[in-house]
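Asks: We have chain A; now place chain B onto it with these hints.
Protein chains in written order, with my numbering: chain A, 1 to 32; chain B, 1001 to 1181.
Just to be clear, a hint being listed does not mean it is correct.
Stated by the list, open to error - Pairs of lysine to aspartate or glutamate residues, derived as DMTMM-like cross-links and limited to a Cα-Cα distance of at most 25 Å, are as follows:
(1) B:Lys1099 x B:Glu1084
(2) B:Lys1125 x B:Glu1004
(3) B:Lys1124 x B:Asp1006
(4) B:Lys1146 x A:Asp6
(5) B:Lys1125 x B:Asp1143
(6) B:Lys1040 x A:Glu31
(7) B:Lys1099 x A:Glu31
(8) B:Lys1124 x B:Asp1096
(9) B:Lys1124 x B:Glu1136
To be verified - Covered by chain B, per the in silico footprint, the following chain A stretches (three or more residues, Cβ under 8 Å):
(10) 6-14
(11) 17-25
To be verified - Each pair of labels, with its calculated beta carbon distance range:
(12) A:Val16 x B:Asp1085: 15 to 23 Å
(13) B:Asp1042 x A:Ile20: 22 to 30 Å
(14) A:Ile20 x B:Gly1177: 40 to 48 Å
Honestly, the hints are just simulated from the structure, not real lab data.
Glycine is no exception: its CB is placed at the ideal position from the N, C-alpha and C atoms.
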Amino acid sequence: MKNPLDTIKGTLISGVVLLILIVLIIRICVEA
Amino acid sequence: MFDEWDTWQAIVRFIHIISGVLWIGILYYFNLVQVPAFAKMDAAARGSVVMHLVPRALFLFRYSALSTIVFGIVWIVLRALELEDQNAATSYFATDPFKSIIIGGGLGIIMFLNVWAIIWPNQKKVIAATTATVTEGTAAPADQPKWARQAFLASRTNVLLSIPMLFFMISAGHLSGRLWN
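Next up, chain A with everything else stripped away, as it sits in the complex:
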């Protein structure tokens, strides 16, 4: 089984990436 700490790191990084994606989409829509 994968080291749980790697899983958590992956989850948190994914969360931040998701956040950046959402903010980027908002900024693009607002600029348009």
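Replies: Then chain B, alone, in the frame of chain A:
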């Protein structure tokens, strides 16, 4: 200076935030503490934790989730009514803070559904099966690892969603002007 609208919203805001803190706190505890610890514990210890610790944690977890959502919706309604009462130029639903809140709140509602529709039903089954195994020696049902896995995946998804959710909740009060313009 401090009118009735402020008073009610202050109360509702406090309950919403305290419930949210409890909810996210237990969510992060499950994912950062309990799951890694379970991997290291022996079967007897795990059985004991599942029977005595997990039900308590899950009770606070699911009811704080419910409280957070309910008081969040009440807060939105109060805000909308306040602006209407003051004959504001625009409705609350057209404001920038609401745009942030609807994204954060939408994520919160998805997280809430994860808790009540996936995590809790699966964990209820795991607790019942583990209790039967420990107290009566019943063999673990074949599906038990699947229940545990589904609950874990939904819980980890909630950790992931909590990050943009918290950002949009916080930014509603602090950043919405710049985010939406």
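Asks: Now look at each hint and say whether the structure bears it out.
Replies: Structure-based check of each hint:
no., hint, verdict
1, B:Lys1099 x B:Glu1084, "18 Å, holds"
2, B:Lys1125 x B:Glu1004, "46 Å, violated"
3, B:Lys1124 x B:Asp1006, "41 Å, violated"
4, B:Lys1146 x A:Asp6, "22 Å, holds"
5, B:Lys1125 x B:Asp1143, "10 Å, holds"
6, B:Lys1040 x A:Glu31, "51 Å, violated"
7, B:Lys1099 x A:Glu31, "16 Å, holds"
8, B:Lys1124 x B:Asp1096, "41 Å, violated"
9, B:Lys1124 x B:Glu1136, "18 Å, holds"
10, 6-14, "holds (count 5)"
11, 17-25, "holds (count 4)"
12, A:Val16 x B:Asp1085: 15 to 23 Å, "40 Å, violated"
13, B:Asp1042 x A:Ile20: 22 to 30 Å, "41 Å, violated"
14, A:Ile20 x B:Gly1177: 40 to 48 Å, "20 Å, violated"
The structure is inconsistent with the numbered hints 2, 3, 6, 8, 12, 13, 14, although it conforms to all the rest.
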